[in-house]
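*Asks:* Below, each chain spelled out in residue letters.
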Amino acid sequence: MNNMSPEVTLHRISPELRPLLCSVVRNGRVGLDSTNCLRVTDLKTGCTSLTPGPCCDRFKLHIPYAGETLKWDIIFNAQYPELPPDFIFGEDAEFLPEPSELPHLVHWDAGNPECLLQLVKELIQQYHLYQCQRLRDSSRLLFEYDSLLEDPSYGRNLEIYAGRKNSWTGEFSARFLLKLPVDFSNIPVYLLKDTALDPGEDVALLSVSFEEAEATQVFPKLYLSPSIEHALGGSSALHIPAFPSGGCLIDYVPQVCQLLTNKVQYVIQGYHKRREYIAAFLSHFGTGVVEYDAEGFTKLTLLLMWKDFCFLVHVDLPLYFPRDQPTLTFQSVYHFTNSGQLYSQVQTSYPYSPRWDGNEMAKRAKAYFKSFIPQFQEGAFTNGKL
Amino acid sequence: METPEPGPADGEERPVELRPRTRSNPEGAEDRRGSTGSLGGNNNPNISQPAVGSRVEGEGEASTSDSPPSSITTTVSVTAAQTVAPAVVPAAAAGAGAAANTTVQLSSAAASAKERPKPAQPTLTSVPTPAEYQIRVPRVNCPEKVIICLDLSEEMSLPKLESFNGSKTNALNISQKMIEMFVRTKHKIDKRHEFALVIINDDALWLSGFTSDPRELCSCLYDLETNVCESFNLEDLLNVIRQKIELPLMENVQTIPPPFVVRTVLIYSRHAGPLQFSPSEAVSKMLQSPYFFFDVIYLHNGLEEQGDETSWRDNYSSFCNLDSKGMCYRFEVSLSGPAIELHNCMAKLLAHPLQRPFQSHASYSLLEGDDPEDTVAMV
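As they're listed, the protein sequences go chains A and B.
Going by UniProt numbering, the first residue of the first sequence is number 1, and it counts up by one from there.
Going by UniProt numbering, the first residue of the second sequence is number 1, and it counts up by one from there.
If you're looking for bench data, these hints aren't it; they were derived computationally from the structure.
In this text the structure is predicted, and so the values were computed from the model without any measurement.
All C-beta atoms in this analysis are idealised placements derived from N, C-alpha and C, irrespective of residue type, glycine included.
Treat the hints with care, since some could be wrong.
One side only, chain A facing chain B, incomplete, derived with CB under 8 Å [said to hold, decoys possible]:
(1) ILE250
(2) PHE285
(3) GLU291
(4) ASP293
(5) LEU303
(6) TRP306
(7) CYS310
(8) VAL333
(9) LEU342
(10) GLN345
(11) THR348
(12) TYR350
(13) LYS370
Label-pair restraints from in silico Cβ distances [what the hints assert, rightly or not]:
(14) B:GLU251 with A:THR51: 50 to 60 Å
(15) A:LYS385 with B:GLN288: 38 to 48 Å
(16) B:ARG215 with A:ASP151: 41 to 51 Å
(17) A:VAL346 with B:PRO159: 52 to 62 Å
(18) B:LEU224 with A:PRO374: 32 to 42 Å
(19) A:VAL346 with B:LEU207: 27 to 37 Å
(20) A:GLN345 with B:LYS168: 52 to 62 Å
(21) B:GLU225 with A:ARG323: 47 to 57 Å
(22) B:SER280 with A:GLY340: 38 to 48 Å
(23) A:ASN27 with B:ARG215: 29 to 39 Å
(24) A:PRO351 with B:GLU162: 34 to 44 Å
(25) A:SER236 with B:LEU205: 22 to 32 Å
All chains, please: the whole structure from these sequences, using the hints.
*Replies:* Here it is in C-alpha cells:
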C-alpha cells in the first residue's frame with residue numbers, strides 16, 4: 001500500500017481523525033528540506049472487520065530528515081479518537097523522547113487540527129537532539145557539530161543523522177544537513193518565474209556525509225531549490241569544491257556560502273549590466289530597433305542599413321555578462337542559404353572588453369559593424385540565394 | 001509616416017522642421033503633422049496640433065543636461081522588469097505601478113553633439129499624455145499575432161520590378177520571399193510570435209493561421225495565383241480579421257503590458273478606384289484598440305501614369321487615415337522601381353509595434369557619419 005495521494009488517505013481515515021491528518025498531508029512540511037512533503041502509507045485499522053468504514057486509524061508517516069527518510073508508525077484508536085497516538089520510531093528503538101519536551105503531547109487537543117503536525121515537529125526536534133547525542137561516539141564528529149553550533153546562522157538550521165553503519169566494529173557514519181544562510185532575495189524575478197516546477201521556498205541545502213568517524217572520507221553535496229538552480233545557470237551551479245582532507249566544516253561551510261553568494265551577485269550584476277548595455281545600444285541605435293527583451297535584457301535585434309543594403313544584427317547577452325561576451329549574429333534580409341534558412345553569420349570574438357561600460361561597448365560595436373559589414377554583404381551576395 | 005514622394009521609402013531622418021527641437025517633445029507624440037498624410041488634405045479631424053512645449057513635463061524627468069540647439073531628440077524607452085532594483089526610480093505613471101519606465105533620450109546622428117561624459121544610466125521620465133492623445137502602452141516585447149494580408153490582384157504579377165541582377169520580376173514573387181524572410185526572422189527572434197495568412201481577391205480569405213511555425217505559413221505562400229479583381233473591400237477584410245481575433249482588454253493600458261498584440265500587414269497593389277470604407281462600430285473599435293496595428297505596404301504605379309497620380313495618393317491617404325493613433329507604419333513603393341525597396345519595407349516591418357519608434361523617427365543608416373559626432377545620449 002504505497003504512495004497514496006492525500007485525497008485517498010483522507011477518504012479512508014476515520015472521520016474523527018481526518019482533520020488531524022489533513023494538516024499533515026496538506027501542509028506538512030517539516031525540517032529543512034521543504035521541497036519534500038510528509039507522506040502517508042500503510043493505512044490500517046485496529047477495529048474489527050465488522051466495523052463500517054472508513055475507520056483507518058494507523059499509518060506510516062514518511063519524514064524527510066537529514067537526507068534520510070524516517071518511517072514512523074503513528075497509531076490512533078478509532079474508538080477513542082480523543083486520545084493522543086502512540087509512536088513507533090522505525091528502527092530507532094533507543095529514541096525515547098522526554099514527554100515533558102513535547103507540549104503538544106502533554107496537552108493533546110484532539111479538537112485542534114494542527115495538533116498532530118505540531119507534535120510531529122516537536123518529535124523531530126527531539127530526534128535531532130537524540131542524533132546529536134549519538135555523535136558522542138566520535139569525538140571528531142562531535143567537534144564538527146559543536147563548532148557549527150557556535151555560529152547561530154548554521155547551528156539553528158542543522159539536521160544530523162548519526163547512524164551506526166556496522167555495529168560489529170562500531171564503524172560510524174553521519175550526515176549533516178545544513179540550510180545555508182545565502183540571500184537569494186535579490187535575484188531578478190524574471191529568472192525565477194519560468195520554471196515549471198513548484199518554486200516553494202528558495203533554499204540552498206548542503207549535505208555532508210561522513211563515511212567514518214575520523215572524518216577522512218567526507219562527501220559534500222549541494223541541493224538548490226529548482227528555481228534557484230535554474231536562475232544560477234542550471235546544474236553547473238551545483239559544483240562545489242571537494243572537502244579538504246583534514247579540513248573541518250566550520251571552515252568549509254562558509255566557503256560554500258561565499259561561492260553561492262558570489263554566483264548570486266554575478267547573476268544580479270549580470271542583469272543590471274545587461275540592462276545598461278541595452279539602454280546604451282538603444283541610445284545609439286534605437287531608431288532602428290526591431291525588438292529587445294524588455295524583461296531580462298537578454299537579447300536585442302537591430303535593423304541597420306549600409307548603402308541601401310539592409311541587414312539585421314541579433315545580439316544575445318549571456319547570463320554571466322559582462323564576463324562572457326555577447327554573441328552577434330548578422331543576417332541579410334534578402335538572402336537565404338541553400339537549405340532555405342535565413343542567411344546569417346555568427347560572430348563571437350570581435351573586439352570586446354568586459355571592463356567597458358555600456359556606452360563604450362555600443363560605440364565599439366558600431367565601429368565593428370562598419371568594418372565587418374562590407375565583407376558580410378559580399379559573402380551574402382556570393383554565397384546566399386536571393 | 002512615409003511622406004508619399006518618390007525616392008527611398010526607408011524612413012530616413014527628415015530635416016529638422018518635421019519635429020520640434022525640444023526635449024519636451026521627445027517622441028513627437030504631440031507632433032501629428034508627421035502622422036497624417038501631408039497630401040490630399042485628408043486630415044483626420046481627431047488629431048490636433050499642440051504648441052511645442054505645451055506638454056506637461058514628467059515629474060521624474062532626470063537630467064537637465066543641455067541639448068545642443070540643433071539637436072533632434074527622440075525618446076526610446078527601456079521598460080524595466082517589475083522588480084527592478086531600487087536604483088531606478090519608478091515613474092509616476094497612472095495606476096498601480098507595475099512596469100517602471102526608463103527613458104533614455106538620444107540625439108540622432110545628424111546632430112552635432114558633445115561627447116557624453118558618463119555611461120548611460122537608464123533614468124526615468126514619466127511621459128504623461130494629455131487625454132486626447134493615445135495612451136502609451138508599455139514597451140514590452142510581448143508576443144505578436146501577425147496577420148499578413150496579400151493582395152492577389154493582377155498588378156501583383158506584372159513583371160515591372162527590377163531585381164538585383166537587373167532582370168524584371170513581379171511583386172508576387174518578391175512578396176513571397178519577403179514574407180518568408182519576415183516570418184522566419186520573427187520566429188528566430190521570439191518563438192512565441194504567431195502568424196496568419198489572408199489572401200485578397202474580390203473577398204478576403206483566411207488561408208492559414210494562427211501558427212507559430214513559419215514553415216506552416218510558408219507552405220501556403222507559394223502556388224498562389226493572381227487574377228483581375230474588382231474594387232477592394234476593406235471592410236470585408238477587417239471583418240474577416242475581426243472574427244478571428246480577440247483583442248486583450250487590460251485594466252490599465254499604460255502600466256500593464258498586454259499578453260499579446262495583433263498586427264495586420266497589408267501588401268496592397270490594386271488600383272481599381274478609390275477606397276470605399278465606412279467602418280462598422282465593431283471594426284472601428286478594433287482599429288482604435290491600443291493593441292491593434294494596421295501596417296500597409298502600398299505598391300503603386302504612380303510614376304508611370306500621370307493621369308492616375310492623384311488616385312493612388314488618395315488611396316494611400318485613406319490608408320493613412322485609418323491610423324488614428326499614429327502608431328502604424330505605412331510604405332508606398334513603386335511597382336516599377338527596384339525590388340530592393342520592397343524588401344527593405346518588409347525588413348522595417350519586422351520591428352515590434354510596441355518597441356519601434358514612430359515611423360517618422362525611424363532611421364537605419366546609423367553607420368554613416370564619423371564617430372566623434374555620433375549620438376549623444378542625454379540622461
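*Asks:* All hints are to be evaluated individually against the structure, with a verdict given for each.
*Replies:* Now the hints, each set against the structure:
no.	hint	verdict
1	ILE250	violated (33 Å)
2	PHE285	holds (6 Å)
3	GLU291	holds (4 Å)
4	ASP293	holds (6 Å)
5	LEU303	holds (6 Å)
6	TRP306	holds (5 Å)
7	CYS310	holds (5 Å)
8	VAL333	holds (4 Å)
9	LEU342	holds (5 Å)
10	GLN345	violated (14 Å)
11	THR348	violated (17 Å)
12	TYR350	violated (15 Å)
13	LYS370	holds (5 Å)
14	B:GLU251 with A:THR51: 50 to 60 Å	holds (56 Å)
15	A:LYS385 with B:GLN288: 38 to 48 Å	holds (42 Å)
16	B:ARG215 with A:ASP151: 41 to 51 Å	violated (59 Å)
17	A:VAL346 with B:PRO159: 52 to 62 Å	violated (37 Å)
18	B:LEU224 with A:PRO374: 32 to 42 Å	holds (37 Å)
19	A:VAL346 with B:LEU207: 27 to 37 Å	holds (34 Å)
20	A:GLN345 with B:LYS168: 52 to 62 Å	violated (30 Å)
21	B:GLU225 with A:ARG323: 47 to 57 Å	holds (56 Å)
22	B:SER280 with A:GLY340: 38 to 48 Å	holds (42 Å)
23	A:ASN27 with B:ARG215: 29 to 39 Å	violated (49 Å)
24	A:PRO351 with B:GLU162: 34 to 44 Å	holds (38 Å)
25	A:SER236 with B:LEU205: 22 to 32 Å	violated (51 Å)
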